[in-house]
Amino acid sequence: MEIKKEQNGTALILSLAGRLDAMTAPELERVVKSELSGITDLTLDFASLDYIASAGLRVLLATQKTMKKQGQMKLVHVNPDVKEVLEMTGFIQFLTVEE
Amino acid sequence: MEKKEEIVLAADICNLSALNEWIDALVAGADISPRVQMKISLAVEEIFANIASYAYAPQKGDVTIIGTVTDVPAELELVFMDEGKPFDPLARDDPPTDAAMEERGIGGLGIFLVKESMDKVTYRYEQGKNILTICKRIAS
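Taken in order, these protein sequences are the chains called D and L. Under our numbering, the letters of the first sequence match residues 1 to 99, in that order. Under our numbering, the letters of the second sequence match residues 1 to 140, in that order.
The following block holds chain D by itself, in its conformation from the complex (with noise of 0.2 Å):
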């Protein structure tokens, strides 16, 4: 998996590429680790993100966690396979989903 950073004052995009998985997962968790301080406005760029398992969703929850304690996440050009993972689990009714 690629992840590419672009911050722009409090915002910070995170775009990935790839695959979300039980191998890839914790390369993701250690970004958010070190990039969330100060953040405000977090926004994921799912364009190029094939496949998401439970190990990624993992780090979605704990990432959106903290973001609602100090600002906003939201999830953008989501593809339909990982969006069907989202509303199987029922992730999708507290991450914000934009089209």
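Source of the hints: derived by calculation from the structure; they are not laboratory data. The beta carbon of each residue, even a glycine, is placed where N, CA and C say it ideally should be. Treat the hints with care, since some could be wrong.
As the list claims (entries may be wrong) - Derived SDA-like pairs (lysine to any residue); straight-line CA-CA distance at most 20 Å:
#1 D/Lys-83 <-> L/Ala-100
#2 D/Lys-65 <-> L/Gly-105
#3 D/Lys-33 <-> L/Ala-100
Claimed, not checked - Some residues of chain L that are not near chain D, with every Cβ distance over 12 Å (derived):
#4 Val-8
#5 Ala-25
#6 Val-27
#7 Thr-68
#8 Glu-83
#9 Ile-131
What the hints assert, rightly or not - Sample of chain D residues at the chain L side, in silico, Cβ under 8 Å:
#10 Ala-22
#11 Ala-47
#12 Ser-48
#13 Tyr-51
#14 Gln-64
#15 Met-67
Since chain D is already given, all that's left is putting chain L on it; use the hints.
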């Protein structure tokens, strides 16, 4: 036509990509939609990750996977076998998918995704082995 393959891997999450490649090769040639392929990938990962995390911990051990692809019915069957601690993943309740974020944990999410993605999931413990079988129709 029936295609049957077997692989033995150390139960270590590092082997997930090797397992994915093996599955890809197993179903290559079958008429299978990307959506179904994603669901197979998801179920395989969640089961393998569970075994890698819990079956033998803190020791190490192997997982044997037997995969069968059939034409009639157009179906993929995967049997996961390990000799770790007896554990029935189907015994626990499904996570509350309508719970508020604050109450959401991730416990049980993996096996829930397996059940949601597959057409049939069965577990048995036999001769010292955890045997989990999943089936998915693959006709497009």
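Right, here's what the structure says about each hint:
1. In summary, the hint linking D/Lys-83 to L/Ala-100 is supported, as the alpha carbons are separated by about 19 Å, within the 20 Å threshold.
2. Restraint check for D/Lys-65 and L/Gly-105: satisfied, since their Cα atoms lie roughly 11 Å apart, inside the 20 Å limit.
3. The suggested pairing of D/Lys-33 with L/Ala-100 is violated, with an alpha-carbon distance near 23 Å, which exceeds 20 Å.
4. At roughly 20 Å, the least C-beta separation between L/Val-8 and chain D is larger than 12 Å, which holds for a residue marked as non-interface.
5. At roughly 18 Å from the closest C-beta of chain D, the C-beta of L/Ala-25 stays outside 12 Å, upholding its exclusion from the interface.
6. With a minimum CB-CB distance of about 16 Å to chain D, L/Val-27 clears the 12 Å threshold, and the non-interface call stands.
7. No Cβ of chain D approaches the Cβ of L/Thr-68 within 12 Å, the least distance being about 23 Å, so the stated non-interface status holds.
8. The claim that L/Glu-83 lies off the interface holds: its Cβ sits roughly 22 Å from the closest Cβ of chain D, which is beyond the 12 Å cut-off.
9. The Cβ of L/Ile-131 lies farther than 12 Å from every Cβ of chain D, with a closest approach of about 22 Å, so its non-interface assignment holds.
10. Contact between D/Ala-22 and chain L, as hinted, is supported at the beta carbon level, the nearest pair being about 4 Å apart and thus within 8 Å.
11. The beta carbon of D/Ala-47 comes no nearer than 17 Å to any beta carbon in chain L, farther than 8 Å, and the hint placing it at the interface is violated.
12. At its closest, the beta carbon of D/Ser-48 sits 15 Å from a beta carbon of chain L; the interface hint therefore is violated under the 8 Å criterion.
13. Hint on D/Tyr-51 holds. Least Cβ distance to chain L is approximately 6 Å, under the 8 Å limit.
14. Hint status for D/Gln-64 relative to chain L: holds, with the closest Cβ pair at about 6 Å, below 8 Å.
15. For D/Met-67, the shortest C-beta to C-beta distance to chain L is roughly 11 Å, which exceeds 8 Å, and the interface hint is violated.
The structure fails hints 3, 11, 12, 15 (numbered hints given earlier, in ascending order).
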